[in-house]
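Participant: The chain contents come next:
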Amino acid sequence: MIRDFALQGLTLQGAQMLLVLLMAPLLTGFVRKVKARLLSRQGPPLLQPYRDLIRLLRKDVVLANNASWLFRVIPYLVFAATWVAASLVPTFRSGLLFSWTADLIAIIAVLGSARFFLALAGLDAGTSFGGIGSSREVMIASLAEPAMLMIVFAIALIAGSTQLSTMAAFMNSAEVGLRVSLGLALIALVIVAVAENARIPVDNPATHLELTMVHEAMVLEYSGRHLALIELAASLKLLLYVSLIACLFAPWGLENAGISPAVVAAAPLLIGAAAYVGKLAVLGFLLAVFETAIAKMRVFRVPEFLGAALMLALLATLLRFVSRSF
Amino acid sequence: MVTYALFGVLALVVLAPIAVALSASPNATGFVYGACLIVALILFLLALHILLEYPAASTVTLPLGLPWLGAHFRIDPLSAFFLTVINLGAAAASLFALGYGRHEEAPQRVLPFFPAYLAAMNLVVLADDAFSFLVSWEFMSLTSWALVIANHRVDENRRAAYIYLLMASFGTLALLFAFGLMAGADGHYAFDAIRAAHPAVGTAALVLILALVGAGSKAGLVPLHAWLPLAHPAAPSHVSALMSGVMTKVAVYGFIRIAFDLLGPPQWWWSLVVLALGGATAVMGVLYALMQRDLKRVLAYSTIENIGLIFASLGLALAFKAYGMELAAALALTAALLHVFNHSLFKSLLFFGAGSVLTATGTRDMEALGGLIHRMPQTAFVFLIGCTAISALPPLNGFVSEWLTFQAILLSPQLPSWGLKLMVPAVGALLALSAALAAACFVRAFGMTFLGRPRSPAASTAQETDTNSLAAMYALAAACLIAGILPGIFIDALAPVVQALTGGQMPVQTGVEWMSIVPIAESRSSYNGLLVFAFMAVTGMVTAFAIHRLASDKIRRGPAWGCGYPDASPLTQYSASSFAQPIRRVFGSLVFRAREIGEMPPPGSSAPARLTVQLRDLIWDTLYAPIGIAVGVIAERLNYLQFLTIRSYLTLVFAALVILLLVLAIWP
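In the order they appear, the protein sequences are chains A and B. Numbered according to my numbering, the first sequence spans residues 1 to 326. Numbered according to my numbering, the second sequence spans residues 1001 to 1668.
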């Protein structure tokens, strides 16, 4: 019986890993398509990101003359860290076999590791583009990470846990109600998600004018399979943040198994999966609308934008410290 | 048990005069550091054994020092833990110095003081009365001062040593007053008597402030940190590692001993002071570190940041203890002690790396380094592990202690006092900010030193460092990884220390499935470094294997993209200063009054453009400089006393005598 649970648990966890990996390029493609339609363009087909990845994987890698071994290892590190983090966020079902491996603080820190190495990669070739990308990336991260931690604090103090499965279960229960601190945390989380994923107005994923970009400048020297992994990691990170917002602020339909293994039934799983796809579509659509409606900021306006997120999240945490009812 | 430890210390003390005698011989370096390595290893194993097996204290009184007091020594779990930290660091430093010490210009200025310094740090932790504690503390300050000034021909080092000596005396003075106020019944200075006597609330508060000043100035708490970034880099690198990785921890020990043990039950508002100082220290330390060009100074400022984190956790533990929340206090204190251990590992590792770079290139200036990953691949690898660990990134050890601190912060809404309710989240935000900035700081430190293209001829011809140095660095890097993926073992080893100081204990971790760590309950929070590491390693390797087999494994080399301008000079790379520019612009204008002045030549002229950056150290300018000026002015005023006639001197002496007698007569 226990072996059955373990087997089912492994299957479900494996299914989630594959699901996030397969859905991530689709989400990116979907957002691109909606943006194009909003601009009255036809846009690339939905499956274009998959084709791009396969094409990149087949191509040779061109390394800069000065690139070191670290430059070649980093794409795998970044991809592995992002994939692991993305598969620890509940998608269709919470309380998976390994969900206790890392709580939300640890998931954020695993993403921090990925960024740390990517910023190093930007410095490896010894060009100015990599340097400008890395230095701006760490500047953005130096504000986005504390903001994210404060958001985690605020929500953890409401849910009484930093464990994502427990948090999602709490958010799905009737106890939660409407709270000021949750509203503040949601706004801050959206700002952080936009910044972390290098979306407009913080950065522009579509531009290739080197001086205006952050993330794209950092990875400018990458090509072939390395670039494919980094693009896939970027898509995974977008999916991770969308799943995170979905599981914390829209946990409806998420099958809740708590922290212990439970009997797996087909119907709630299907409902969970359908709800997840629906939530991805809605949030992806909102992202596309937001990006189309707003202009990119100057780089040194970004700290103010992120500082607002940090302050909102700190305010949410403070409110929780002051009174339990906020 | 304590006698064995004292024999080890005695061996180190004896080694110092032997080193003096030997210093002319070419084998002296190998002999002294080899002997230090052996003694430190034995002391480390002994301390570990005591920490794990003997929770009861063992004491001994020697007929040394003051005749009516004697010298008391004692090992309890707290001192056993700090002994392991000290001697692990000492063993690593000795092993590193077996290779590094050969490049010393004047070994006779380092060799005798090194074992004496190790002995002094051990003695501070073993001391069990105020007198031996202060003597050992001062002995530690003086031996480390001698090591700081070892390379005395450099002006900068002499200035650093001078400021260090002043600050160290000031710190000892504060501790002297603290112990004076704490004296037990009939003025007994043995720690037992001090522990038995509970000072009044006002006295206890004064003692706490004095202990914060005394221990905090040695540890590097802002604003008492000014000497640290000058003195730590000035010493030879293995001594820098000991000063930053270990001696600051001895200072933390001094604070814990006084605040948690000797001073009796804490007041809640003590924690307010400690938390505020800790949070401010963490952020200021890392911001300073980001502005430095000197690699070793970056590391020294980052020590200040980590001390801030440790003190913030200690403040939390004090707050929980004051309100009788034992479990939470145990969690916060475990976080602090685990960070003490972790920081001693990775900071020593990083200073060793910086020392190897210094030997290989002759410079610590990051603007003259770069590309060393090609010339020194092994040093680069271990330095990278140290950078990842200190940036609090999973799956390495720095993250674990930071994570435990955050878990402790999440318990603090239950604290009843309003001051703490407002202070703790603010400190939490400061710690989060400092963690993110630390990652930026070490991307910069590693990237500028080891990545990119060499910025100077010295950097382009560097050679890999020697085997002993590499062995020391690999050992520490492995320890960082083990403490990161199996933190449960280390948390359990700390249990007797925490139990003795807070009365509480964290849940036992070794029994938890899959070797996760669970600070309170699994539904609340858990972290499994081992699985995170395994998942990342397996997915990374499987991906690499699959891609190489199924898609492509071909590699071509070509020039980097430079907008069509081929072979740009290495000077066009981002430098350490330019990398820090965005952060300087966001935080620096407030904290450092940073100003950038750009001078562009007129159109058509081929003169170079200049960009000047001005930074002000506000703490130095507003706190230290006025004191320095005041001392100078007073000295100037009093100077004429030096040139009086004998009659005036006699009058002065007579007047002083009369005044003193009058005071005695009026004194009640």
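Honestly, the hints are just simulated from the structure, not real lab data. Hints may be right or wrong, so weigh each one.
In silico lysine to aspartate or glutamate, DMTMM-like type, Cα no more than 20 Å apart, as pairs [as the list claims (entries may be wrong)]:
| no. | chain 1 | residue 1 | chain 2 | residue 2 |
| --- | --- | --- | --- | --- |
| 1 | A | 35 | A | 291 |
| 2 | A | 59 | B | 1553 |
| 3 | B | 1554 | A | 4 |
| 4 | A | 33 | A | 291 |
| 5 | A | 33 | A | 52 |
| 6 | B | 1421 | B | 1326 |
| 7 | B | 1554 | A | 60 |
| 8 | A | 296 | A | 175 |
| 9 | A | 35 | A | 52 |
Bear in mind the structure is a predicted one, so any value in this text is a computation, not a measurement.
Participant: Decide, hint by hint, whether the structure agrees.
Facilitator: Quick rundown of the hints versus the structure:
| no. | hint | in the structure |
| --- | --- | --- |
| 1 | A:35 with A:291 | holds (8 Å) |
| 2 | A:59 with B:1553 | holds (9 Å) |
| 3 | B:1554 with A:4 | violated (43 Å) |
| 4 | A:33 with A:291 | holds (13 Å) |
| 5 | A:33 with A:52 | holds (15 Å) |
| 6 | B:1421 with B:1326 | holds (18 Å) |
| 7 | B:1554 with A:60 | holds (5 Å) |
| 8 | A:296 with A:175 | violated (39 Å) |
| 9 | A:35 with A:52 | holds (18 Å) |
Comparing the model with each earlier hint shows violations of hints 3, 8; every other hint is respected.
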